[in-house]
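Chains as they are written, first to last, in the working numbering: chain W, 1 to 861; chain A, 1 to 113.
Hints are not guaranteed to be accurate.
[As the list claims (entries may be wrong)] With a cut-off of at most 16 Å between alpha-carbon atoms, the simulated EDC-like pairs for lysine to aspartate or glutamate come out as follows:
no.: 1; chain 1: W; residue 1: Lys-686; chain 2: W; residue 2: Asp-585
no.: 2; chain 1: A; residue 1: Lys-86; chain 2: A; residue 2: Glu-54
no.: 3; chain 1: W; residue 1: Lys-40; chain 2: W; residue 2: Glu-29
no.: 4; chain 1: A; residue 1: Lys-60; chain 2: W; residue 2: Glu-29
no.: 5; chain 1: A; residue 1: Lys-86; chain 2: A; residue 2: Glu-32
no.: 6; chain 1: W; residue 1: Lys-2; chain 2: A; residue 2: Glu-54
no.: 7; chain 1: A; residue 1: Lys-22; chain 2: A; residue 2: Glu-8
no.: 8; chain 1: W; residue 1: Lys-191; chain 2: W; residue 2: Glu-228
no.: 9; chain 1: W; residue 1: Lys-662; chain 2: W; residue 2: Glu-611
no.: 10; chain 1: W; residue 1: Lys-633; chain 2: W; residue 2: Glu-606
no.: 11; chain 1: A; residue 1: Lys-56; chain 2: A; residue 2: Glu-10
no.: 12; chain 1: W; residue 1: Lys-233; chain 2: W; residue 2: Glu-186
no.: 13; chain 1: A; residue 1: Lys-31; chain 2: W; residue 2: Glu-29
no.: 14; chain 1: W; residue 1: Lys-633; chain 2: W; residue 2: Glu-654
no.: 15; chain 1: W; residue 1: Lys-244; chain 2: W; residue 2: Glu-186
no.: 16; chain 1: W; residue 1: Lys-40; chain 2: A; residue 2: Glu-54
no.: 17; chain 1: W; residue 1: Lys-734; chain 2: W; residue 2: Glu-763
no.: 18; chain 1: A; residue 1: Lys-40; chain 2: W; residue 2: Asp-200
no.: 19; chain 1: W; residue 1: Lys-305; chain 2: W; residue 2: Asp-200
no.: 20; chain 1: A; residue 1: Lys-31; chain 2: W; residue 2: Glu-37
no.: 21; chain 1: W; residue 1: Lys-36; chain 2: A; residue 2: Glu-69
no.: 22; chain 1: W; residue 1: Lys-613; chain 2: W; residue 2: Glu-599
no.: 23; chain 1: W; residue 1: Lys-322; chain 2: W; residue 2: Asp-292
no.: 24; chain 1: A; residue 1: Lys-31; chain 2: W; residue 2: Asp-50
[To be verified] Just some of the chain W residues that point at chain A, by a computed CB distance under 10 Å:
no.: 25; residue: Pro-3
no.: 26; residue: Leu-7
no.: 27; residue: His-16
no.: 28; residue: Glu-29
no.: 29; residue: Tyr-31
no.: 30; residue: Arg-56
no.: 31; residue: Ala-116
no.: 32; residue: Glu-118
no.: 33; residue: Ser-120
no.: 34; residue: Ile-121
no.: 35; residue: Phe-716
Derived by calculation from the structure, the hints in this document are not laboratory data.
Note that CB positions come from ideal geometry on N, CA and C, so glycine has one too.
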Amino acid sequence: MKPPRLLLRFFRWYCHPELVDHIEGDLLEEYGQRAKEKGKWMADWVLCWDVLLLFRPGILRNFSNLHYRLNSFDMIQHNVLIAIRNFNQHRVSFIINLTGLSSGLACSLFIYLWVADELSINKFNINDSRLYQVMQNVNSATGVETIEHTQGLLAAALAQEIPEVEFAATVVPPNWFSSPGIISFENTLLKANPQFISKDFFNVFTCPILQGDRSNLLPDRSAIAISEDLALKLFHTTENIIGKTVNWNHDRFTGEYHITGVFETTPANSTNQFDLLLTYDLFQYLRPSINDWGNSDPSTFLLLKGDINVESLNEKINQVLKAKDPNSESTLFIQRYSDRYLFGHYDNGKPAGGRIFYVRLVSIVGILILVIACINFTNLSTAKASRRGKEVGIKKVVGAGRKSLVWQYLSESALVTFCSLVIAVCLVYVLIPQFNTITGKSLFLKPDTTMIAGLVCFFLVTSFLAGSYPAFYLSAFSPANVLKGRRNTSIAEVVVRKGLVIFQFSTSIILIVTVVIAYEQMQYIQSKNLGYRRENIITFDMEGQPSSKLEAFRSELMAVPGVLNAGTYYHNLTGDHGNIRLDWDGKSPDQRVDFINLEVGCDFIETMGIEFKEGRSPTKNVNPESQIVLNEKAIQIMGLENPIGKTVRYWGKESTIVGIAKDFNFESLHEEIKPCFFRVYPIMPKFVVKIQGGAEKPVIEEIGHLYARFSSGYPFDYRFLDETYRMLYATEQKISVLSRYFALTTIVISCLGLLGLAAFSAERRIKEIGIRKILGSSEMGIVYLLSNDFAKVVIAAVVIAVPLSYLITASWLNTFAFRIELQWWYFIGAATLALSIALVTVSSQAILAARANPNQSLKSE
Amino acid sequence: MKKYQLGEFEEIVMLTVAILYKEAYGVAIKKEIETRLKRKVSMGAMHTALVRLEDKGYIKSHDGETTAERMGRPKKYVQITALGKKAMEYTRETRNGLWGAIPKVALDLMVVR
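With the rest of the complex left out, here is chain A (with noise of 0.2 Å):
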C-alpha cells in the first residue's frame, strides 16, 4: 500500500517540522533533530528531505527575512499542509497497528532474551 509514503528520517523532519511550528526553518530543524535524537544530522540529507516532502506535497514553504548572520540569503520556513498531516496520522496509525497486532508473549520473549 503506497498510499502515503514517508520514510523514516523523513517522518522525523516532518515531526520536528510540527514541533516547531512556526520557527521550521534549516538551521532550526537541523538543530532540533540533533539535540532531541542526539543524532548528527548533515545539511545534504536534510535538505534533501525537505525538497522530496515538498515535491510530495506534505509540507510547502514561503520565504522568510534575512538576518546579518546569513548573509541576506532569506530564511525558507517550512509548514506541513493537510495531506501531510494525514501522511502522519496514517503512519502513526500504521505503527500502531502494528504494535497492536504484537501478541505479549512475544515481547516478553524478547526481553528474556
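Just chain W, same shape as in the assembly (with noise of 0.2 Å):
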C-alpha cells in the first residue's frame, strides 16, 4: 500500500525541518491503518486533505531562508526598507523625483512609442531587405525631379534582362488616382481603393491570402481580390464569396468583376493601403498608352537576388531603358522601398534624409527628458548627502563594505524608478487617445515581448541614471569624519550640483529655441510654397440635393465672412474628365482631338484663380449650352484667330467661344496640359471655397455648421485641395505640436528639480533665517539670500545655452536653401522664459522661508 508521492514530496517540502518525520510517520501510520479500513481511494483522499490541513504556520518551515547561505535576499529587504522609512521621512523631495522621473518617463516612453512605429512603417514585408523601388529622375524647369512613376513595361524588361532581379512587380497604387471607387454588391455601397498589380506582386510584397489560388489570383481582366476588411463588410464573411460578381465604379475600369480571392488586409503600418486588387493586364488594355516607353505611370517593385551592388545594379537598369527607349532623358536609380518612408526628400536626384530628420531629433529630445529627470533624483540626493552621512558613516563602522552601501543607493533609486514606471505607464495609458490624436497614429501599450524588453530596460537605465552618481558619492565617504560631523561639504560637490542644474536649464533653454525656431521656419516653408500652390481652398459634396437648395446654400456660403468666393462643379478636379470631340469651322476633317470636358457651375474659373487670356466668364442663368471657355492650348490645337464669338459644335449643339482660360495645371503634374473646355452649369453639387488665408479654422467650421443644416445629417467633409500638400503639411504640423509639448516638459521636470533643491537650502538654512529675522533684516533681504545663488546658476545655464542654441539652430537652418534669419529675441526670449520661470519657483520658497516666525525655528536645537 503505497501513499501517493507527490503528496508526500510536497509536505517534506513545506514541513518545518524538526517536524518533518514524526508527522509524515503519523501521517504513514494513519494511512496504512485507513487504507485497509476504507480502502486506498478514501485513504488517499484523507491524506491529501491532510497534507493541504497542515499547510499553516506552526508546521511550515522558514521560507525567507530559501536562499540558503546568501543574504543578499535579506539585504534587499533590508534596502527597501530603509528606503521607504527614508522616502517617508523625506516626503517633498520623494514626491518631487516622482513627479520628475514619472514626467519624464511617460514622455520618453510616448516618444519610444511613437518612433518605434515610425521605424516599422513598410517593414512588414519578410523580403524587407531585398524589397527596392525603382525611382525615376526628371529633368525639369525647376531642376531634378525625383517621382516614383515608372515606365509601364519597365518591371517585365528588369525581370527579363537582368539576372540580379528576382522577381519584379508593377504596380499602380491607390494614391495614383485622385479618389477612391466605389464597390457594390446588392445594396451595400462602400468606397474602396484599387490597386493595380501584376503577376509577381506577391512574391515580391508579403500579402497573405485568405482564399483563392495564390500563384493566380487574379486569372483575368474581370477577376477582382478584396482585402478581408472589405469582405467582412459587404459580405459578412470570407467564406465562399470566390465566384460572386460585384460592380466596380472607378475611372475607366467601371463595370462588373468576379472575386478570385481574398487577401489580408494591409497592416496598419504600411503606407500603402489598398483594399481591393486588379490585374494590370487590365489597365494596360484600359490605358493602353501605359505601355509606351515615354509615358510614366506605374510604381516598379524589385525582389533582389541577395546582396548586390546598388551602383552597379542602376547602371544596368538604365542600359535596359536606354536600349528600350534610346530617346529618353530620365535615369533610374532604385532604393530600398522601407527606406522610403524615412528618407523620402530628394534633393537633386538623391536621397537627401526626409522624415528620419524628425525621427532622430525627437529621439534625442526623448532621452534629454530623461536625462533632465534622473538629474533632479541625482541633485536631490547629494543635496540630502549631509543628513545621510552619518547612516553612511555608521553602516561602514559596522563593517558595511562600499559595494553593499553602492547596491542600497541603487535600490533606492530602482524603488523610486519603478514607482514613476508604473505611474507612467499609467499616464500613457490614460493620455495615449490625446497622443494620437496629435499625432495621427493608432499607437497603443500592448504588453507583448519587445514591449516589455523596453520597459525593462528603461527601467534599469533610469534607475542607474538616477542612482549611480549618489551611490557611488555617498558610498565614499570616511566614516571617521563624518561621525565626528566634519564632512567637508567640498567645492566639488556642489559643483557638481550647480552644474547638473545648469545643464538642464541650458537644455530647456536649447529645447525652446529649437522649437521655437524650427516651428518659424517651417512656417516660412510652407508660405514660400503658397506662391505656386493653391492654398486656402476647400472642396466638399453636397450631392443628392436639388438645385435650388444648393442655390440658397451657395448663396449663404458666400455671406460667411471669410469666405472669398464659392464656385460649384461636377468634374473633379484632379482626376479622369472625359473628353469630347469638338467640331469648328475650318477643321480638317482627318484631325481628331479629343478635348477634356470639365463641367462646372458658376464662378468656378473665378474661385480657383485661374486668369482669362482673352475674354470672360459666361454669362450667368443662360443655357450653358449655348456658351463656352476654351484653354490656350485648345485654341493653338484648333488653330482659330480670334476666335472670341466664333462657333463650335458637339453633340449637334451650337455654342459660342465666350472667353480664354489661360493654361493651367489640373491634371497630375506629369501630363502635358491638354486642350479643354469648360461648360458652364448654373450650379453643381460639389463645392470649391475659397478662404481668406489665415482665418481658415472659424471659417471651415462656420462653413461646417451651414453645411450640417443644409445637408440633413450628412457628415462635412472636406479637402484642402491640394491635399498632399496638406498631408505634409499635418506631418510638420503634428511633431511641432509634439515638441511644443516636450519642451514644456523639458521645462517643468528642470524646475521641480530647482524646487526641490530650493525647498531643501531654505529648510537647512532655517536657523540663519530665523537670527538674521531676528537682527533685523527684512524679507525681502532673505528671499534676496535665497534666490541669489540660484539666480546665478540659471544665468550661467542662459549664458551657456544661448551661444550653443545659436549654434545648433544656425547649423541647421544651413540645411536649407530657403531660411529664416535669426532673430535676437528667440534667443532673449528663451532665456527670459527660462529665468523667469525659474525665479518664480525659487522664491516661491524663499518666500516662504522669509516669512516664517523666527520663534519655530530658534525655540529647539
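Two chains, each in its own frame: build the complex with the hints.
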C-alpha cells in the first residue's frame, strides 16, 4: 500500500525540518490503517486533505531561508525598508522625484512608442531587406525631379534582362488615382481603394491570401480580389464569396467583376493602403498609353537576389531603359522600399533625408528629457547627503563594504524608478488617445515581449542614471570624518550639483529655442510654397440635393465672413474628366482631337483663380450649352484666330466661345497640359470655396455649421485642394505640436528639481534665517539671499545655452536653401522665459522661508 | 491575566496527553480525542497545537521507536512538564472559580428557559 509520493514530497518541501519526520510518520501510520479499513482511494483522499490542512503557520518552515547561504535577499529587503523610511521622512523631495521621473518617463515612453512605430513603417514585408523600388529622376524646369512613377513595361523588362532581379512587380497604387472608387454588392455600397498589380506582386510583397489561388489570384481582366475587411463589410464573411459578382465604379474601370480571392487587410504600418486588387493587364488594356516607353505611370518594385551592389545595378537598369527607349532623358535608380518612408526627400536626384530628421530629433529630445528627470534625483540625493552621511558612517563602522552601500543607493533609486514607471505607464495609458490625436497614429500599449523588454530597459537605465552618482558619491564617505561631523561639503559636490542644474536649464533653453525656430522655419517654408500652390481652397460634396437648395446654400455660403468666393463643379479637379470631340469651322476632316470636358458651375473659374487670356466667364443663368470657355492649348490645337465669338459644335449643338483661359495644370504634374473646355452650369453639386488666408479654421467651422443645416445629417467632409500638400503640412504640424509639449515638459521637470533644491536649502538654513530676522533682516533681504544662488546658476545656464543654441539652430537652418533670419529675440525670449520660471519657483520657496516665524525655528536645538 | 495561556483545543490536547501518559504520540493523541470527544481532529490542527504547547514549555518531547507501518519514521512522544501541569491546574482552578461564582438561581432560570 503505497501513499501518493507527490503529496509526501510536497509535504516534505514545506514542512519544518524538525517536525517533518514525526508528522510524516503519523500521516503514514494513519494512512496505512485507513487504507486497510476504507480502501486506498479513501485513504489517499484523506491524506491529501491532511497535507493541505497541515500547510499552516507553525508547521511551515521558514521560507526566507530559501536563499540558503546568500544574504542578498535579506539585504534587498533591508534596503527597500530603509528606502521607504527615507521617502516617508522626506516626502517633499520624494514627491518631486516621483513627479519629475514619472513625467519624464511618460514622455520618453511616448517618444519610444512613436519612434518605434515610425521605424516599423513599411517593414512588414518578409523580404524587406531585398525589396527595392525603382525611382526616376526627371529633368524639369525647376531642376531634377524625383518621381516614383516608372515606365509601364519596365518591371517585365528588368525581370527578363537583369539576372540579379529575382522578381519584379508593376503596381499602380491607390494614390495614383485622385479618389477612391465605389464597390457595390446588392444594396451595399462602399468606398474602396484599388490597386493594380502584375503577376509577381505576391512574390515581391508579403500579402497573405485567405481565399483563392496564390499562384494565380487574378486569372483574367474581370477578376477582382478584395481585402478581408472589405469582404466582411460587403458580405459579412470571407467564406464562399469566390465567384460572386460585384460592381466596381471607378474611373475607366467601371464594370462587373468576379471575386477570385480574399487577401489579408494591409497592416496599419504600411503606407500603401489598398482594399482591392485588379490585374495590371486590365490597366494596360484600358490605358494602352502605359505601354509607351515615354510614359511613366506605375511603380516598379524589385526583389533582388541576395546582396548586390546598388550602384552597378542602377547602371544596368539605365542600360535597359536606354535600349528600350533611346530618347529617354531620365535616369532610374533603386531605393530600399522601406527606406522610402523615412528617406523620402530627394535633393538633385539623390535621397536626402526626410522624416528621419524628425525621428532623430524626437529621439534625442526623448533621451534629454529622461536625463533631465534623472538629474533631479541625483541633485536631491546629493544635496541630502549631509543628512545621510551619518547613516553611511555607522554602516561603514559596523562593517558594511562600499559595494553593499552602492547597492543600497542603487536599490533606492530603483524603487523610485519603479514607482515612477508604474505611474508613467498609467499616464501613458490614460493620455494615449490625446497623443494619437496629435500624432495621427493609432498607437497603444500592448504588453508584448518587445514592449516589456523596452520597459525593463527603461527601468534599468533610469535607475542607474538616477542612482549612480549618489551611490558612488555617498558610499565614498570616510566614516571617521562624517561621524565627527566634519564632512568637507566640498567644492566638488557643489560644483557638480550646480553643473547639473546648469545642464538642465541649458538643455531646456536650447530646446525652447530650437522648437521656436523650427516652428518659424516650417511656417516660412510653407508660406514660401504658397506662391505656386493652391492654398486656402477647400472642396466638399453636396450630392443628392435639389438645385434650388444648392443655390440657397451657395448664397448663404458667400455671406459667411472669410469666404472669398464659392464655386461649384461636377468633374473632379485632379482625376479623369471624360473627353468630347469638338467640331468647328475650318477643322480639317482627319484631325482628331479629344477635348477634356469640364462641367462646372458658375464662379468656379474665378474661385480657382484661373485667369483669362481673352474674353470673360460665361454669363450666368443662360443655357450652359450656348457658351463655352476653352483653354489656350485648345485654341492652339484648333488653330483659330480671333476665336472669341466663333462657334464650336458638339453633340449636334452649337456654342459660342466667350473666353479663353490661360493654361493651367489641372491634372497631375506629370501630364502635359491638355486641351480642355468648360461648360458652365448655374449650379453643380460639388463645392469649391476660397477662404481668406489666416482664418481657415473658424471659417471652415462656420461652413460646417451651414453645411449641417442644409445637408440633413451628412458629415461635413471637406478637403484642402492640394491634399498631398495638406498631408505634408500635417506631418510637420504634428511634430511641431509634439515638440512644444516636450519642451514644456523639460522646463517643468527642471523647475521641479530647482524647487526641491530651493526647498532643501531653505530648510537647511532655517536657523540662519531665524537669526537674521531677529537681527533685523527684512523679508525681501532673505528672499534675495536664498534666490541669489539659484539665479546665478540659471544665468550661467543662459550664458551657455544661448551661443550653443545659436550654433545648433544656425547649422540646422544652413541645410535649408530658403531660411529665416535668426532674430535676437528668439534667444532672449527663451532665456527670459527660463529665468523667470526658475526665479518664480525659487522665490516661492524663499518667500515661505522668509515669512516663517523665527521663534519656531530657533526654539529647539 | 496572561499567566498561563491555554486555548480550548490546547487544553484538550494537554488532558489527552496526560491520559495517555507514556503512550502519548501524534496518532494516539488524535485517536483518543476523536473517540472520547466524538469530534474530528485534523492532523494539522493537532500538530500545530503540539508545536505551540512545546514552544510555551508545557510539554516536552522525545523521539521514540519506529515501526514498519511508519516506514521508519520515529514516533514523537510527548510528556507534560511541571509548567504544563501548573498551567492545567491554573485553568482548572479558574474554571472552578467561575463555576462557583455562578448563583444557583441563574442556572435554574436558564434551565427553565
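Hint check: A/Lys-86 vs A/Glu-54, CA-CA at most 16 Å. Holds or violated? holds, 14 Å
Against the 16 Å threshold, does the CA-CA distance of W/Lys-633 and W/Glu-654 hold or violate the hint? violated, 21 Å
A/Lys-22 and A/Glu-8 were given as a pair; does the straight-line alpha-carbon distance stay at or below 16 Å? violated, 23 Å
Regarding the hint that W/His-16 lies at the interface with chain A, is the smallest CB-CB distance below 10 Å? Since chain A brings a Cβ to about 8 Å from W/His-16, closer than 10 Å, the hint holds.
Is the hinted pair W/Lys-734 and W/Glu-763 satisfied, with a Cα-Cα distance of at most 16 Å? Roughly 43 Å separates the two Cα atoms, so the pair is violated.
Run the distance test for W/Lys-233 versus W/Glu-186: straight-line Cα separation, threshold 16 Å. holds, 12 Å
Quick one, are A/Lys-31 and W/Asp-50 close enough, alpha carbons at most 16 Å? holds, 15 Å
Could you grab the alpha-carbon distance between W/Lys-2 and A/Glu-54 and see if it respects the 16 Å cut-off? violated, 32 Å
Does the interface hint hold: is W/Ile-121 within less than 10 Å of chain A, judged Cβ to Cβ? With a minimum Cβ separation of about 62 Å from chain A (threshold 10 Å), the hint on W/Ile-121 is violated.
Holds or violated: W/Glu-118 as interface residue toward chain A, Cβ cutoff 10 Å? Interface hint status for W/Glu-118: violated (60 Å vs cutoff 10 Å).
Hint check: A/Lys-31 vs W/Glu-29, CA-CA at most 16 Å. Holds or violated? holds, 12 Å
Evaluation of the interface hint that places W/Glu-29 against chain A, nearest CB under 10 Å: Hint holds; W/Glu-29 Cβ to chain A Cβ min 5 Å, cut 10 Å.
In terms of the numbered hints stated before, the structure departs from hints 1, 4, 5, 6, 7, 10, 14, 16, 17, 18, 22, 26, 31, 32, 33, 34, 35, listed from lowest to highest.
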